[in-house]
Every structure is written in C-alpha cells, then in structure tokens.
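Residue numbers (our numbering), protein chains in the order written: chain A, 1 to 251; chain B, 1 to 195; chain C, 1 to 78.
Don't read these hints as lab results, they were simulated from the structure. These numbers come from a predicted model, not from an experiment. All C-beta atoms, glycine included, are put in the ideal place defined by N, C-alpha and C. The reader is advised that the hints may include incorrect statements.
One-sided excerpt, in silico: chain B residues whose CB lies under 7 Å from chain A [said to hold, decoys possible]:
no., residue
1, T40
2, W47
3, T51
4, L55
5, Y56
6, L59
7, I62
8, R148
9, G175
10, V177
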Amino acid sequence: MASEAQGEEAGLSFHPMDQFLVKPLFGEGDVHWYTPTNVTLWLFIVAVAIAALLVAGTRGRAIVPNRVQSVAELAYGMTYKMVEDVTGKDGLKYFPYIMTLFMFILFSNMLGLLPKAFTVTSHIAVTGVLALAVFISVTVIGFAKNGAQFLGLFWVSSAPLVLRPILAVIEVISYFVRPVSHSIRLAGNMMAGHAVMKVFAGFAAIAVISPISILAVTAIYGLEVLVATIQAYVFTILTCVYLKDALHPQH
Amino acid sequence: MISLLQEAATTAAEHTEEAAEAAAHGSESASGLPQLDFSTFPNQIFWLIVTLAVLYWVLSRIALPRIAAVLSDRQGAITGDLMAAEEFKQKAKEAEAAYDKALADARAEAQKIVEANRAEIQKELDAAVAHADAEIGARAAESEKRIREIRDSAANDAREVARDVTAELVSSFGGSVDQSAIDSAVETRLKGALQ
Amino acid sequence: MEGNIAELGQYIGAGLAAIGSGTAAVGVGNVAGNFLSGALRNPSAAAGQTATLFIGIAFAEALGIFAFLVALLLMFAV
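In isolation and in its complexed conformation, chain A is listed as follows:
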C-alpha cells in the first residue's frame, strides 16, 4: 500500500505514513539489527543535541549563567522538582534515569518536528522499549524494596471486603496495561500529529485550498510543539507516579 511511485502525476496524493519508514542510510537492502538507518542517524542527532545542551552548554560552570546554561539548569530543576514532588526524597536516587528519559523523549519529539526529520518516538518499537524498561525496573524495584508487601498495591484495603477481589483483578489488569498505554500514548500522539500535518500539507497541491492548507499546517505545527512537550512531560511524570507506587505501595 505504501507505494512511492503512486500518484506522481495525480494532483492529490497522500503519503502520510511514508515519513515513518525505516530505511538504511547507505544504499538499499534489508534492515539488519546492526544496519545504520535513519533511526540511527536521528538517535545520534538527539544524543548530540542533548549533550550539546547539558554538557557543552554548562561548560562554563558560571555562577551567573548564559542562555544555554540557564536552559539546561531549567530542564534540570524542573525534572528534579518533579521527581522530588511525586516520588519523594527516596525517589531522587533514580533521578538520572528519569532525566535521561525526559531529555531523550523531549528532544526526539522536538527534533522530529523539523522538516524532513524522522521522529524516533513515533515508533512503537522505541516507545515500547522505553515503557517496558520503566515497567520492568519499577516492578523489580517494588519487589526489592517491599518484598511481598508490594502486592498490597493490588489489594485496595479501603474498599469493602466483597469488592476487594474484583478490584484486585482490575488493579492487576490496569497494572499490566500500563506499559501498553504508556508506550502507545507517546507513539500514537507523535504519529497522529505528523500524519495529520502531512495530510494537510497534501491538500496544498490544490491551488484553491492551498492558503487554508498552509494556515492549517501552521496551526497544527504549533499544536504539535505543545503536544511534543506535554507528551515528554506526561511520560516522565507517569514514570514518576509508577515509581512512587513501587516505593510506597500503600495507597
């Protein structure tokens, strides 16, 4: 269905999903696990951008920061406060990991908005790994910190006794749905936004509607900038919430 040659001569053609194709960087051929692809390129760009902000930007270690350094400090302070507020003091041990997640997702989302860019976080494979990593580490931390008491998370002791088994089943299901919703929310948001932008841009091929189309693309772009930030924030804060559940399973 994703055929590149289709509709070259037609006035109206949509390839909203072509931007998500994973292609080898050099030449054609199959994508092996080690092949450098456009995913690799953009992962690399994201990593370089984060390093540029957080490492090169703070090179001066100035007491009075310049612009880049104050942005880095802002990101640090925001994430630090989020971890501290949501998980409490004992969650600060995991702050570097959460900061890594936040910066990675934020930069992937933002850089994916550049024209011709590839959005790493629009792929279930990527967000699934991120969400599964959070899920598994949170579960392991929960059992390591609290032992069997961690199962109390599913046993709602404030509910009537009759309802508790039913609630426990629901809680268990919702616990295991967490990584699914966690990953699909991010990937879906990114995918949907970019696809919608592509669809609106495709309408610009018709001369009459093109001004409206361009306006719409501009508006959607603004919305997408917002969504990119909010989704990074939401992913991070949900990670913090799950971590809090693991550290303090008593409701």
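Once you've looked at the hints, dock chains B and C against the given chain A.
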C-alpha cells in the same frame, strides 16, 4: 473538479492494483504501517539501547553532577552574599550609632560651651550693672547733697531776709529792735515753712 | 471483487473508530474544564495540582489514541 475525481478514481484503481501486487509478493513491507513492520524492530531497539546507554552515562557522569555543582555553588554564593550583606548592614548600623553618639556628644559640648559663655557674660553683665548702679547711686547722692546745700543756703537766705524785714518792720512801727526776740520769732515761723 | 468488500469494511470500521478520537476530545475538555472551575474557586491550591491535571489529560487522551490506533490498524495493517 470532474477531472480531479477521475484522477482520484484512476489513482485509486492503481492504488488497489499496487496493493494487490504488494500483497502478492509481500516480502519487505508485510504491513502498510511502518510502525508495525517487525523486520525493523531489532534494528531500532538495538540502536535505541545504545543511545540510551550512552546518554545515561553522559548525563549521570558528566552533565548532572556538573549542573548540581553549579546550582549548589550558586546557592552557596547567594547565601554567602546574603550573610555578607547582613554583616555590612550590621556594620552600617554600628557606624550609624557611633555617628549618633558623636553628634550627641558634640551637641552636649556645644551646650556646655554656650552655657559657660552665657554664665561669663552674665557675670560681666552683672558686674557692669552693679558698677553702673554704684555710679548712679554716687551721682544721686552727690546731687542730693548739692540740692540739700542749695536748699539750706536758700533757707538761710530766706531767714536773713525775714529777719531783716522783721527788724525793719518793727523799727518803722516805732518799736525798739530786740535782735534776739526777732531771731526766735523768725525761727519759729520759718520752721513750719521751710520743712 | 470480493476483496473490495473487505476493504469497504475496513474503511467503515476505521471511520467508526475515529469517532473515538472525538470522544477523547470530550474527555480531555471535561478534565481541563473541571480543573479550571476548581482552580478558580481555590487558586492557591491549583498550582500543586497541575501534575494531576496532566496525568488526567494523559489518561483521557490515551483512550482516544487507542481509537486512533484501531483506525490506523484497520486502514493499513489488516
């Protein structure tokens, strides 16, 4: 518009043909959605894990400690500056107190000097006034004395005149002039008038 | 020709699933509106609850994204 529709129709026709074709050989793109193309998953996951590991290392080893250090340095600097400012404020307060004290001292000194001067001037003034009083008294006494002398001489003159007139009167009336009687009579009369 | 009916079904199903995205919009609006009305009653307590707001919005939105995903799957994957 009609041509557009026709084009769309032909496109759709091509589209379905190609879809059928793609489904026919269906090798690399098993599904239309790139996200669900499982053949690319190992690649993405591998590179993602590499990137995350590198990022985590960079952040936890270099970036975050550095930012934390900068932030705590700044906090320290701010606290230090605040304390220094507090110290300066204290010093300023002390200086103000010292200044006030000096001012009060100076004022008291000035008061004292003024007081002393005033006392001296008062003394001089008193002396001058006393001197003037004495002089005025002396002058007054002298004047009085002179007035008394004048009055005395005036009384004597009057007595002389009275005696002469009396003697003349007595002799012209034909009486013998008894000098002593005339004297005593004039004395008694004048005693009342000259007082 | 028999494949076309299946395709028709896919597209209809995708369109129906897309309705779910609209209901997610209702849900998000509900969360945000209730937050705002609460925040205007007690503005001092609002600042601490923005995280909860975002979590609520995220949950409401996730279900819309699921609907969108179903639509995409019907369009492209099935």
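>> Please check whether L59(B) passes as an interface residue: C-beta within 7 Å of a C-beta belonging to chain A.
In response: holds, 5 Å
>> For the restraint on L55(B), tell me whether the closest CB of chain A is nearer than 7 Å.
In response: Check passed: Cβ of L55(B) comes within 5 Å of chain A, closer than 7 Å.
>> Can you verify the interface hint for I62(B): is its Cβ closer than 7 Å to any Cβ in chain A?
In response: Holds. Min distance 5 Å.
>> Just to be careful: measuring from the Cβ of Y56(B) to every Cβ in chain A, is the smallest value less than 7 Å?
In response: OK, holds: Y56(B) within 7 Å of chain A, min 5 Å.
>> Is the interface hint satisfied for G175(B)? The criterion is a beta-carbon contact with chain A at less than 7 Å.
In response: violated, 141 Å
> Taking the least C-beta to C-beta distance, is T51(B) closer than 7 Å to chain A?
Replying inline: The hint holds - T51(B) has a Cβ within 7 Å of chain A, the shortest such distance being about 4 Å.
> Are R148(B) and chain A close enough, Cβ to Cβ, to be under 7 Å, as the hint says?
Replying inline: Status violated, d = 106 Å.
>> Does the closest beta carbon of chain A sit nearer than 7 Å to the beta carbon of T40(B)?
In response: Since the shortest Cβ distance to chain A is 4 Å, the answer is holds.
>> Quick check on W47(B) please, does its C-beta sit within 7 Å of some C-beta on chain A?
In response: For W47(B), the interface hint holds, since the closest Cβ of chain A sits about 5 Å away, which is under 7 Å.
> Regarding the hint that V177(B) lies at the interface with chain A, is the smallest CB-CB distance below 7 Å?
Replying inline: violated, 138 Å
Taken one by one, the earlier hints fail for this structure at numbers 8, 9, 10, listed in ascending order.
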